[in-house]
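Starting from the known structure of chain A, arrange chain B with the ligand on it as the hints suggest.
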Amino acid sequence: MGTRVINRGNKAARAGFGEGLLEAGGANSRVVAIGADITASVCVDLFASKFPQRFISLGIAEQNCVGVAAGLALSGKIPVFATYSVFSALRTTDQIRVSLCYNNLHVVIGGAHAGVSVGPDGATHQALEDIAIMRVLPNMCVLSPCDATQARLAVIAAIELCKGPVYLRFGREAMPDFTSHDQEFIFGKAQIMHAGNDLAIIATGHLTWEALQAAYQLEKEGISARVINIHTIKPLDEAAVILAAKECGAIVTAEEHQVSGGLGSAVSEVISKNYPVPMEFVGMNDRFGESGTPLELMQKFGLNAGNIHRKCREVLIRNQ
Amino acid sequence: MVFPLTNGISSLCELARAIRQSVVRSLAESGSGHLGGSMSSADILTTLYFSVMRHKPGEPSWSERDRFILSIGHIAPLLYATLAEAGYFPKEELLSLRKMGSRLQGHPGRDHHLPGLELSAGSLGQGLSVAVGMAIAAKMDGHDNCIFCLNGDGELQEGSIWEAAMSAAHYKLNNLVMIIDRNGLQIDGSTEKVMGLEPLKKKWEAFGWDTLECDGHDFRSLLSAFQKAKIEQTRPSVIIAKTIMGKGIASIEGDYRWHGKAPSREQATEFINELS
Ligand SMILES: [Mg+2]
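Keeping their order, the protein sequence lines are chains A and B. Residues 155 to 474 in our numbering are what the first sequence lists, from first letter to last. Residues 93 to 368 in our numbering are what the second sequence lists, from first letter to last.
In case anyone wonders, no lab produced these hints; they're calculated from the structure. Predicted, not measured: the structure shown is a model, and the values here were computed from it. Just so it is clear, CB atoms sit at the ideal spot from N, CA and C, and this is done for glycine as well. Certain hints may be false.
Computed, partial: chain A to chain B, Cβ under 8 Å [said to hold, decoys possible]:
1. A224
2. G225
3. K231
4. N258
Here are the computed lysine-lysine pairs in the DSS-like style, where the Cα-Cα straight-line distance is at most 25 Å [unchecked claim]:
5. B:K231 <-> A:K204
6. B:K353 <-> B:K322
7. B:K264 <-> B:K183
8. B:K320 <-> B:K293
9. B:K320 <-> A:K204
10. A:K427 <-> A:K400
Here are the computed distance ranges between Cβ atoms for each label pair [what the hints assert, rightly or not]:
11. A:P206 <-> B:E305: 33 to 41 Å
12. B:A342 <-> A:L315: 40 to 48 Å
13. A:E314 <-> B:R146: 30 to 38 Å
In isolation and in its complexed conformation, chain A is listed as follows (with noise of 0.2 Å):
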């Protein structure tokens, strides 16, 4: 038995998000935020009490936001627009592709209430195909930490290491909170978080818990499954990627996420060129979501241990 990844207690990614907003805006004067009303709901409240003089609200108007927010680069700020997933990166995905991507500036959007674990707001407000749309843009890149210690880094990332255009991703629901503080979160690089061969989850966001949760019962049945937890969607760490096929023969990808242009493509793209293996893909196959606690969403829709460690067990007689 190796050891486990403790669950702290459980904590929303968007309070991380916020928190992190909060520390880096602090910490350098250049950062600004941008609010479309749901200011509270998706923890930028803190950031906009602290520093008012840099907090711009905006209103119900997303396509403007982002405009604004590329302005306010040109002009040598450090914009942070934040906002439901649907609303920051679905709505406006052309002002993302042009003002943003096309004119490379370093903006961060923040997609909030992301997965079906938004739960009884229902399909319009649960995001499914942010990543797909995001990671697809020249110059973006994609960020879906696994929980709200590490949504707090990877926006503190996003603010001072990043040059470009950021999509950070984060849900809404408390859930586990298992990655340590000092735990130094490198821009780019995939997280071992369990050690194995025998076959790979490769998973994003909260779904990284239910990875290790999948993994710890694996091992009781002699399987010895190692998870990778990739909070930098795009660049994605394809050594980390093609070394997992190489190690381990077999991969099962776990998102909060259309399987379809999401996490799972991304990663058999890198596999079928380089290294073909038996893949596996948990995520949303082709359909909205729908009303109910998100722990019956999840489970509805397969979005948890008990079908990643099926989809483990598929993947293992494929590879036999």
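Then chain B with the ligand, alone, in the frame of chain A:
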């Protein structure tokens, strides 16, 4: 050299004539591009770059410069011709318009590092928001520079323009001046037939803007409008400049079919003679 250079009407006429000729030459050479709108905005850009804006062609990234945002990226040939005329880069380079490897992309692209170009743009409805962001940043930093943004009239059909308009008035951006090239035309024909914009002046007034009108081909009228816009203390200003698509070339004036067309070499020779 620090611009603005001149208020002389006769020198502005000469400059506008040279710029229009450059546009025709570059479009004939590229074989594609937008002649109509480039001609209708030519006097506006000439006024801005030679009589209104504070800038240094020898030092394009001078931090105290006024900014010019071209929201209608499709009239890039005019922006390029104006920048070249002001000395940002050699005029010969205008003949590389739209060609592989050129710094003069079909729609402006900063990734090609053209001196004087402030924004990659071409998807309509985005420039005003960027200008708002620049104006907010200038106020935050206590800079006294001015942000100018040129929009087309057809472009005002984009909803994001009105989001930007609301925010500029909300933040009392008196350092922002928007110019609307009101040539009354867009690709499908008259703006009022495609999707009516009138009463345009009332719309901008209702959005809280200092709203000015001028003749976009009369330098005295343009200069006076910019002067009024500059002294406005509490609101952003918009100048609705009445223009004629294709202005300066009688045979194409007011003809919407020239919105997105380039002249043939024979036509170009004819047009350049007419502009001489
Ligand atoms: Mg027009």
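Against the structure, the hints:
no., hint, in the structure
1, A224, "holds, 5 Å"
2, G225, "holds, 2 Å"
3, K231, "holds, 6 Å"
4, N258, "holds, 7 Å"
5, B:K231 <-> A:K204, "holds, 20 Å"
6, B:K353 <-> B:K322, "violated, 35 Å"
7, B:K264 <-> B:K183, "violated, 39 Å"
8, B:K320 <-> B:K293, "holds, 16 Å"
9, B:K320 <-> A:K204, "violated, 38 Å"
10, A:K427 <-> A:K400, "holds, 13 Å"
11, A:P206 <-> B:E305: 33 to 41 Å, "holds, 38 Å"
12, B:A342 <-> A:L315: 40 to 48 Å, "violated, 58 Å"
13, A:E314 <-> B:R146: 30 to 38 Å, "holds, 33 Å"
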